[in-house]
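2 protein chains.
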Amino acid sequence: MQEFVFHNPTKIIFGEGKISELGAEAKTYGKKALLVYGMGSVKSNGVYDQTVASLTEAGVEIVEFGGVKSNPMMSYARKGVELAKSEQVDMVVAVGGGSVIDTSKSIAAGAVTDTDILEFFVFTSNVETALPLLAVLTIPAAGSEMNGGMVLTRDDTLDKLGTCNYAPLYPKVSILDPTVTYSIPASYTAFSAADAMSHLLEGYFTQTDEWSPIQDRYVEGLCKSIMEAADKALADPNDFQGRSTLMWAATMAFNDLSSTGIGPFCFPNHMLEHLLSAIYDIAHGGGLSIVMLAWMKYASEHGNARIAKFARNVFDIQAGDDVSAAADGIEAFRAWLKKSGSYTCFADAGIPESGIEKITERTVALANLWGLDAYNTENISEIYRMCGPFKGE
Amino acid sequence: MQEFVFHNPTKIIFGEGKISELGAEAKTYGKKALLVYGMGSVKSNGVYDQTVASLTEAGVEIVEFGGVKSNPMMSYARKGVELAKSEQVDMVVAVGGGSVIDTSKSIAAGAVTDTDILEFFVFTSNVETALPLLAVLTIPAAGSEMNGGMVLTRDDTLDKLGTCNYAPLYPKVSILDPTVTYSIPASYTAFSAADAMSHLLEGYFTQTDEWSPIQDRYVEGLCKSIMEAADKALADPNDFQGRSTLMWAATMAFNDLSSTGIGPFCFPNHMLEHLLSAIYDIAHGGGLSIVMLAWMKYASEHGNARIAKFARNVFDIQAGDDVSAAADGIEAFRAWLKKSGSYTCFADAGIPESGIEKITERTVALANLWGLDAYNTENISEIYRMCGPFKGE
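Listed in order, the protein sequences are those of chains A and B.
Counting from 1, one number per residue, gives the positions in the first sequence under the working numbering.
Counting from 1, one number per residue, gives the positions in the second sequence under the working numbering.
In case anyone wonders, no lab produced these hints; they're calculated from the structure.
Any given hint could be a false lead.
Since copy identity is lost for identical chains, a pair holds within one copy or between any two.
To be verified - The calculated lysine to any residue pairs, modelled on SDA-like cross-linking and capped at a C-alpha distance of 20 Å, are: (1) K232 x P213; (2) K224 x P213; (3) K11 x A167; (4) K224 x E21; (5) K172 x E382; (6) K27 x N45; (7) K224 x E210; (8) K391 x N304; (9) K172 x T377; (10) K297 x A58; (11) K172 x V5; (12) K224 x G392; (13) K31 x E16; (14) K172 x E3; (15) K172 x D256; (16) K11 x K172; (17) K224 x P132.
Quick caveat, the model's predicted, so the values are computed rather than measured.
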């Protein structure tokens with residue numbers, strides 16, 4: 001273990017029917033809320049009505065800001081910042097998944113400053129303060145409901161940029177009702193499971209610690225639970241236990257606990273994925289499924305022994321040396337991802353081999369921004385070429 | 001999984017030399033601190049000097065309140081309350097283990113009210129507010145550095161009373177420097193490991209949830225890590241990795257995470273232990289070692305299938321039915337506790353068989369206070385009789 005600071009003040013209210021408690025929480029932060037949501041699914045599944053009813057009953061005035069898309073754009077978040085400022089709201093209430101919560105975070109940060117929100121993503125400004133943020137989670141995957149990070153896509157370049165954890169952006173309260181996830185389609189259930197696992201595995205695979213049994217078992221245990229829970233939810237979309245476990249595991253996967261004390265680590269799979277979903281507008285979790293399989297193979301063949309550890313402890317691979325154990329583990333992971341309905345190759349996501357050059361060029365720029373010095377045009381394109389078969393093959 | 005609320009706002013600062021950051025944290029809460037500590041070990045190991053230096057450098061005035069004993073008494077905490085009131089301190093700084101932190105919590109709660117602190121322990125009053133509390137942890141075991149509970153012994157009856165989590169009593173900041181635990185004697189290292197495991201196992205063994213893979217693996221993983229880390233720390237008291245892992249695992253064991261969503265659960269082993277350490281003044285963790293072994297056997301033989309689950313998943317017991325697997329697991333646990341130097345029977349703790357009657361009588365009263373309806377004179381004395389051999393045998 002190495003030194004760390006852990007401080008996660010988000011209050012989680014978990015359980016069926018708990019959206020009704022939102023208003024009582026919200027009114028402690030003020031009287032007027034910007035209500036941020038997406039493209040309308042919260043209206044068809046009843047979550048919007050529950051949210052509005054609870055806020056209204058508590059006397060919290062609502063200013064609506066719907067229409068956030070998946071892989072959300074910075075330009076749209078800026079409109080939210082303008083609305084929050086002109087309406088002088090006291091707080092932001094996010095109702096949705098990671099795209100909505102991340103957009104809401106950037107609005108909460110942007111509403112109290114004249115700094116353009118882009119600066120928080122390129123690290124030329126720090127988020128020193130923000131409006132209070134409350135969230136009603138509808139898609140368990142991103143983990144944004146219990147951390148201080150956010151990801152938005154820059155309009156002019158289509159670069160998908162992620163921040164570090166900003167202390168003011170941890171939601172004050174996040175409400176997790178597993179029953180609102182019953183209506184998530186099978187494909188997005190699978191993508192979400194892969195997304196949550198990726199948040200655990202980035203640190204697990206790239207950490208620099210000499211001995212971390214707490215964190216290793218935390219990650220391995222959550223990965224197994226996510227796969228078991230996804231199996232239940234895919235077999236029966238209304239399986240309360242499967243949906244509950246998937247929801248809490250996705251939050252636990254990215255609430256800073258898995259990385260306590262593991263030392264410096266990085267996000268190579270997110271680096272490799274971000275341009276896929278930015279350029280091809282695919283589901284982030286689906287893109288991660290593809291690049292994780294390729295990156296794990298590349299990393300194992302370049303001396304990363306932790307791929308084999310994952311294979312042994314999560315997939316019970318018994319084989320001898322690290323590279324062969326890792327290869328067996330990657331195939332077991334591929335089989336599970338395929339069975340779940342996630343993507344395992346560029347063809348699944350509609351990406352042609354001819355796209356690699358452009359994706360590589362832009363990913364190299366992201367590697368530079370994030371300081372991932374080990375990555376360059378050669379090995380990035382090599383990993384993408386391992387993501388076949390491709391569209392049209 | 002079942003519904004839950006999780007809200008743990010304690011900031012953890014972990015690492016060698018981090019006590020120097022205390023002053024900067026403390027001064028955000030005021031200018032005058034009650035400094036609570038124990039019987040002097042913090043003076044011999046340098047922790048006191050580091051704490052005073054950091055507070056002084058930050059301009060925080062110190063009012064001293066040393067002399068807290070292990071198994072701390074309510075009467076002594078009341079003296080601290082009076083001192084905090086008369087000196088009008090802004091905060092309480094605890095430097096020590098669970099006894100010191102729990103005493104500090106009761107002072108922080110008592111200093112802002114005219115209610116006697118006993119009322120917080122017998123649930124006739126609620127802790128609605130408290131002075132800010134900061135902690136420098138020296139003995140990883142109790143978990144009090146990252147939760148809102150406290151345990152004190154009532155002077156008139158010697159009952160050792162524990163509270164629920166009171167929101168105002170979560171420390172604002174806890175500093176965990178593993179190197180300050182190098183000087184913990186081997187016996188207390190073993191007791192502390194058992195204590196931390198007990199906090200995980202109470203919920204694991206007594207929970208009422210139908211499916212809880214996240215929480216089960218969390219507990220099983222931490223138990224394995226605690227034993228591995230204790231082995232390292234016992235082999236070499238200055239093993240940084242062993243001490244670090246033991247310290248963080250003990251905190252993670254009782255910070256509310258292991259019980260998220262597992263439904264109602266109870267603390268039978270703490271109920272059985274509290275009178276042992278109150279009457280015989282033994283180490284709490286040592287007492288827990290003894291009663292856990294007996295209670296696990298009793299519970300397994302009375303239909304608790306989770307003892308077998310623990311045996312299989314933590315000690316890799318392969319045997320067939322639940323009762324025999326549990327029995328093998330209990331023996332493996334006993335062997336580990338014995339090897340570590342903890343207690344495994346009443347004789348180890350100097351408790352004669354003749355003491356059982358009095359302990360039972362008082363434990364029955366505690367069972368009533370805590371609402372543990374399944375326990376009565378007959379089965380409580382039966383479990384204590386399973387704790388032999390006894391002193392003098």
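Here is how each hint holds up against the structure:
no.: 1; hint: K232 x P213; result: between (28 Å within a copy, 12 Å between copies)
no.: 2; hint: K224 x P213; result: both (16 Å within a copy, 8 Å between copies)
no.: 3; hint: K11 x A167; result: both (14 Å within a copy, 11 Å between copies)
no.: 4; hint: K224 x E21; result: neither (32 Å within a copy, 38 Å between copies)
no.: 5; hint: K172 x E382; result: neither (43 Å within a copy, 48 Å between copies)
no.: 6; hint: K27 x N45; result: neither (25 Å within a copy, 48 Å between copies)
no.: 7; hint: K224 x E210; result: between (23 Å within a copy, 18 Å between copies)
no.: 8; hint: K391 x N304; result: neither (30 Å within a copy, 55 Å between copies)
no.: 9; hint: K172 x T377; result: neither (41 Å within a copy, 47 Å between copies)
no.: 10; hint: K297 x A58; result: neither (53 Å within a copy, 51 Å between copies)
no.: 11; hint: K172 x V5; result: both (19 Å within a copy, 13 Å between copies)
no.: 12; hint: K224 x G392; result: neither (34 Å within a copy, 49 Å between copies)
no.: 13; hint: K31 x E16; result: neither (26 Å within a copy, 45 Å between copies)
no.: 14; hint: K172 x E3; result: between (26 Å within a copy, 19 Å between copies)
no.: 15; hint: K172 x D256; result: both (16 Å within a copy, 18 Å between copies)
no.: 16; hint: K11 x K172; result: both (6 Å within a copy, 15 Å between copies)
no.: 17; hint: K224 x P132; result: neither (34 Å within a copy, 39 Å between copies)
Hint violations for this structure: numbers 4, 5, 6, 8, 9, 10, 12, 13 and 17, all remaining hints satisfied.
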